[in-house]
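There are 2 protein chains.
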Amino acid sequence: MTYDLWYWDGIPGRGEFVRLALEAGGIAYRERAREPGADGATLAADMAARREYPPFAPPYLVAGKMTLAQTANILLFLGEKHGLAPKSVEGRLWVNQLQLTIADMVAEAHDTHHPISSSDYYEDQKAEAARRARSFREERMPKFLGYFERVLEGQQAWLAGGERWTYADLSLFQLVDGLLYAFPKRMATLAASYPKVMALHARVAALPELQPYFQSGRRLPYGDGIFRRYRELDAA
Amino acid sequence: MTYDLWYWDGIPGRGEFVRLALEAGGIAYRERAREPGADGATLAADMAARREYPPFAPPYLVAGKMTLAQTANILLFLGEKHGLAPKSVEGRLWVNQLQLTIADMVAEAHDTHHPISSSDYYEDQKAEAARRARSFREERMPKFLGYFERVLEGQQAWLAGGERWTYADLSLFQLVDGLLYAFPKRMATLAASYPKVMALHARVAALPELQPYFQSGRRLPYGDGIFRRYRELDAA
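For the record, the sequence lines run as chains A and B. The opening residue of the first sequence carries number 4 in my numbering; numbering runs sequentially from there. The opening residue of the second sequence carries number 4 in my numbering; numbering runs sequentially from there.
These aren't lab readings, by the way, just hints derived from the structure by calculation. Hints should not be assumed to be uniformly reliable.
Since copy identity is lost for identical chains, a pair holds within one copy or between any two.
Listed next, the in silico SDA-like pairs over lysine to any residue satisfying Cα-Cα at most 20 Å (straight line) [claimed, not checked]:
#, residue 1, residue 2
1, Lys84, Ala239
2, Lys188, Ser122
3, Lys68, Arg35
4, Lys146, Ala47
5, Lys84, Glu142
6, Lys90, Leu213
7, Lys68, Ala51
8, Lys84, Ala202
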């Protein structure tokens, strides 16, 4: 079965967490809103037409009769179905738990530039963004990155132990990658304190399974999505 | 097996979503941080000592050798193990998806009074809170509540259809209950537009399974948790 992935074109966003799992897992999919002739209106119309199991927001994955939304939920499905997570109850829930913690940090990274309203421009909430970004840089980044470092200290190469990556490793790569883009100065300061997290980022970047994707030109650049580079929001 | 639930004493918080599932499911548990002699330090010490599968934050549930954190993850476990969600892959993932959407709104409700930093006082972010709360009341509340109304229009009495409630129904009850506490004026305006959501709230409130808990005095009042009643953040 070829899955249909629906997500906004033009930004990596939350869709990228799903893409990395599909790509690294060698799973066939189409990106419906990125096909020729499709645009945001195509996506909005498709989403509105899904009466059974409606998504609240993209990304969502159509798998035959099933429509799955919420990034962590899509990954839970792909993990179970395609062996991208341990099969044991314990391992499967641990990977889900990690994914939800990654999602929490992703949401907080987004809110650094949109602390008041997602539907308003950044320019209309710059003062608040400066305050929120400072709190994120000084308190939240060390707290979250320190947590993942601690997890990796208890495991081997990968977050869930084992010989092979899970989808949570791919997601942590994407999170760190986005932070390196959005907060280069802060990450330059912090990187030395979280060597295992940074090593995981490098290890996923070098995964043979992902090289065709990285070289394809299909991986979208950062820009107006979750991870944005506003110089005034970054500091060492 | 009697589970150990660890969560801060004194606020319903995210722990309440787990408590409602445990209580409605008739599942034996102890609240370790609410036992005589225990306090926040007891919880912090226990959490720090959990080296394998460490939680990022409370609530977490100890089930034998397993330690499970992240509210939606704990509920996923309880749902599978104790029949608080459908057994089918489709139904189980749908309930998880709903739970994650509920969690998103819970996080946004929290951020209305702490839009800058969770570790600062509300008094130090009142101006930003006023702006964020307005966006929440005017844009986000109708969007989320409208979504759940639409879901209920496609189902019967419960979010996942079927004859019996799932843990997502309990969580939607708790979310609406918290909104009624924190935003009474706004909810008075909105309630008429979301009759099925309000009916679900009333239906869960009347569940025979929950009456002993509601009458026990163990259900904590709102106050300094996620849902707070600051008059200046509410408006019709």
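Structure-based check of all given hints:
1. Lys84 <-> Ala239: Neither. Shortest intra-copy (42 Å) and inter-copy (47 Å) distances fail the 20 Å Cα cut-off.
2. Lys188 <-> Ser122: Classified as neither: same-chain Cα gap 28 Å, cross-chain 23 Å, threshold 20 Å.
3. Lys68 <-> Arg35: Within one copy only: 16 Å inside a chain, 43 Å across chains, cut-off 20 Å.
4. Lys146 <-> Ala47: between (37 Å within a copy, 15 Å between copies)
5. Lys84 <-> Glu142: neither (37 Å within a copy, 37 Å between copies)
6. Lys90 <-> Leu213: neither (23 Å within a copy, 34 Å between copies)
7. Lys68 <-> Ala51: Classified as within: same-chain Cα gap 16 Å, cross-chain 44 Å, threshold 20 Å.
8. Lys84 <-> Ala202: The answer is neither: 28 Å in one copy and 36 Å across copies each exceed 20 Å.
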